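**Q** Now for the letters of each chain:
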Amino acid sequence: TQLLEQSPQFLSIQEGENLTVYCNSSSVFSSLQWYRQEPGEGPVLLVTVVTGGEVKKLKRLTFQFGDARKDSSLHITAAQPGDTGLYLCGDDMRFGAGTRLTVKP
Amino acid sequence: GAGVSQSPSNKVTEKGKDVELRCDPISGHTALYWYRQRLGQGLEFLIYFQGNSAPDKSGLPSDRFSAERTGESVSTLTIQRTQQEDSAVYLCASSRKGQGGYEQYFGPGTRLTVT
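Those protein sequences? They're chains Y and R, same order as listed. The first sequence maps to residues 924 to 1028 in the numbering used here. The second sequence maps to residues 336 to 450 in the numbering used here.
Just chain Y, with the same shape it has in the complex:
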C-alpha cells in the first residue's frame, strides 16, 4: 500500500508567523491535491499540482511539488486565525493523516 505521510501532525503558532507543512510518498504522485478542512465541514480543495518542480501561489499560501513528484510542501506566510484547520494532501483516494494547524490571535 502506498502511503502519504504528512508532517508535522500538529502545529500551533502565533498570528503573523510563517509555517511549512509537508507531504511525502514512497511512490510518484499522479497528481497531488491539497485540501483544508474546518471543524464540522468537509475538506475544501485548495490546489492541484501536477508537474514536477511546479510552484503555485494562492494569496499567502505557496505550494511546491518536488522535482521527482514524490513530495510536496505548503508554506503559509503571515498566518492568520482564519488559516486554522486540518490540511490534507491527497492523490486520488489516498490521503495523508493531515496537519492540524492552530493559529492563535
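Derived by calculation from the structure, the hints in this document are not laboratory data. In this text the structure is predicted, and so the values were computed from the model without any measurement. All C-beta atoms, glycine included, are put in the ideal place defined by N, C-alpha and C. Each hint should be verified, as a subset may be incorrect.
Distance ranges between label pairs, derived from CB positions [what the hints assert, rightly or not]:
1. T943/Y <-> D353/R: 44 to 50 Å
2. S949/Y <-> D398/R: 26 to 32 Å
3. T943/Y <-> V347/R: 37 to 43 Å
4. T413/R <-> K993/Y: 33 to 39 Å
5. S930/Y <-> G386/R: 44 to 50 Å
6. T348/R <-> G976/Y: 47 to 53 Å
7. E355/R <-> G963/Y: 18 to 24 Å
8. E355/R <-> Q1003/Y: 36 to 42 Å
9. T411/R <-> G976/Y: 29 to 35 Å
10. G975/Y <-> T348/R: 43 to 49 Å
11. P1028/Y <-> Q415/R: 28 to 34 Å
12. A389/R <-> N941/Y: 44 to 50 Å
Cross-link-like lysine-lysine pairs, in silico, PhoX-like; alpha carbons within 25 Å at most [what the hints assert, rightly or not]:
13. K352/R <-> K392/R
14. K346/R <-> K993/Y
15. K982/Y <-> K1027/Y
16. K346/R <-> K392/R
17. K980/Y <-> K432/R
18. K979/Y <-> K432/R
19. K1027/Y <-> K993/Y
20. K980/Y <-> K993/Y
21. K432/R <-> K392/R
Model the placement of chain R on the given structure of chain Y, informed by the hints.
**A** For chain R alone, coordinates are given in the frame of chain Y:
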C-alpha cells in the same frame, strides 16, 4: 451551482441497528467516493464509483458495509448491525475524474453516533 449534499447531517442509532446514509453528487461528476473520518483523524477510503464500471470496494472494513449508486447520481452507504466503532463522520465526494484529474468536491458529511 449546487455542491455535494449529504443526508442526514447527524444520525444517532443504537448498536445493532442498520443505517443508510445518502449522498447527492455534483451533476455531471462521474466519480463518487465515500470516506470515513474518525474524530481527530484523516480520511479513510471506503468505496469508489466511476461511471458504469464495477465499484472499487477495497476500503470497506467489513461485510456490514455496502454502497450503491444509481447511474451517475445519488449514492447510499448502508451499515448493517452497527457497532460503536462505526461512530465517525462519513464523507462523500464527487469528481470529474478523467476530465479534471483527481480533484474531489466534498459534502459536509454525516456524523454517525452509535450508542
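**Q** Against the structure shown, which of the earlier numbered hints fail to hold, in ascending order?
**A** 5, 9, 11, 14, 19
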